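Asks: The lines below spell out each chain.
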Amino acid sequence: DAGITQSPRHKVTETGTPVTLRCHQTENHRYMYWYRQDPGHGLRLIHYSYGVKDTDKGEVSDGYSVSRSKTEDFLLTLESATSSQTSVYFCAISGDRGRAEAFFGQGTRLTVV
Amino acid sequence: TQLLEQSPQFLSIQEGENLTVYCNSSSVFSSLQWYRQEPGEGPVLLVTVVTGGEVKKLKRLTFQFGDARKDSSLHITAAQPGDTGLYLCAVAGDTGRRALTFGSGTRLQVQP
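Order-wise, the sequence lines are chains A and B.
Just so you know, we're using this note's numbering here: the first sequence kicks off at 1 and counts up by one.
Just so you know, we're using this note's numbering here: the second sequence kicks off at 1001 and counts up by one.
If you're looking for bench data, these hints aren't it; they were derived computationally from the structure.
Wrong hints could be hidden among the right ones.
Claimed, not checked - Reference excerpt, derived from the structure (chain A facing chain B, CB under 7 angstroms, subset only):
id: 1; residue: 27
id: 2; residue: 31
id: 3; residue: 42
id: 4; residue: 45
id: 5; residue: 102
id: 6; residue: 105
What the hints assert, rightly or not - Label pairs and their computed distance ranges (CB to CB):
id: 7; chain 1: A; residue 1: 71; chain 2: B; residue 2: 1058; range: 30 to 40 angstroms
id: 8; chain 1: B; residue 1: 1055; chain 2: A; residue 2: 12; range: 43 to 53 angstroms
id: 9; chain 1: A; residue 1: 30; chain 2: B; residue 2: 1017; range: 39 to 49 angstroms
Treat the numbers as computed from the prediction; the structure is a model and nothing was measured.
For every residue, glycine included, the Cβ atom is placed at its ideal position computed from N, Cα and C.
Take the sequences, apply the hints, and build the full model.
Replies: Structure below.
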């Protein structure tokens, strides 16, 4: 199994508070991604990174920011959590070779009340 | 309109039955991936298909890429309860960013 760890695994937070989710990899892969998964929508890309300090927006980036200061860590921040951001968040990684096959973490279930 | 349309959305069958799920698009892709996701876990890659018309087999699972590389199917022979899960197809962007776009998935339940 690819070495990807997400933390926390579960979190309940109040509307309006900032929240940071962490993804840590031990594979030295260049590419890292944050997805959210909601019923009926599958997995949707929030932000991705193609190297240290190199990040870009995905299709559902509003209300989220990311940072990657080290190859192994990719942080996702909800600047001011809203109920619409209640979801399961997945981190994924992929290398330079192959067809962009991704390896996923176990997910973080976030509830905004 | 989603880039990848998966059907059916839900499927509940008895152990031993055969089934096929589909992933369709109007776009042409250089490759397509299939993932399986079990409850409480992240998706796990099953296969990547690359060539139009390609057929790949993984034990009781048979994957086919359409001749025009716009669609794909997954056929499971003699389904088992362990096949239960969410099956997702995905394609990589063509801009070099390598981020995957997923279909909304087929949720399969195999009853013992």
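Asks: All hints, please: hold or fail.
Replies: Going through the hints against the structure:
no. : hint                               : result
1   : 27                                 : violated, 14 angstroms
2   : 31                                 : holds, 5 angstroms
3   : 42                                 : holds, 4 angstroms
4   : 45                                 : holds, 5 angstroms
5   : 102                                : holds, 6 angstroms
6   : 105                                : holds, 5 angstroms
7   : A/71 to B/1058: 30 to 40 angstroms : holds, 32 angstroms
8   : B/1055 to A/12: 43 to 53 angstroms : holds, 46 angstroms
9   : A/30 to B/1017: 39 to 49 angstroms : holds, 42 angstroms
Figure legend: structure checked against the earlier numbered hints; the only hint not met is number 1.
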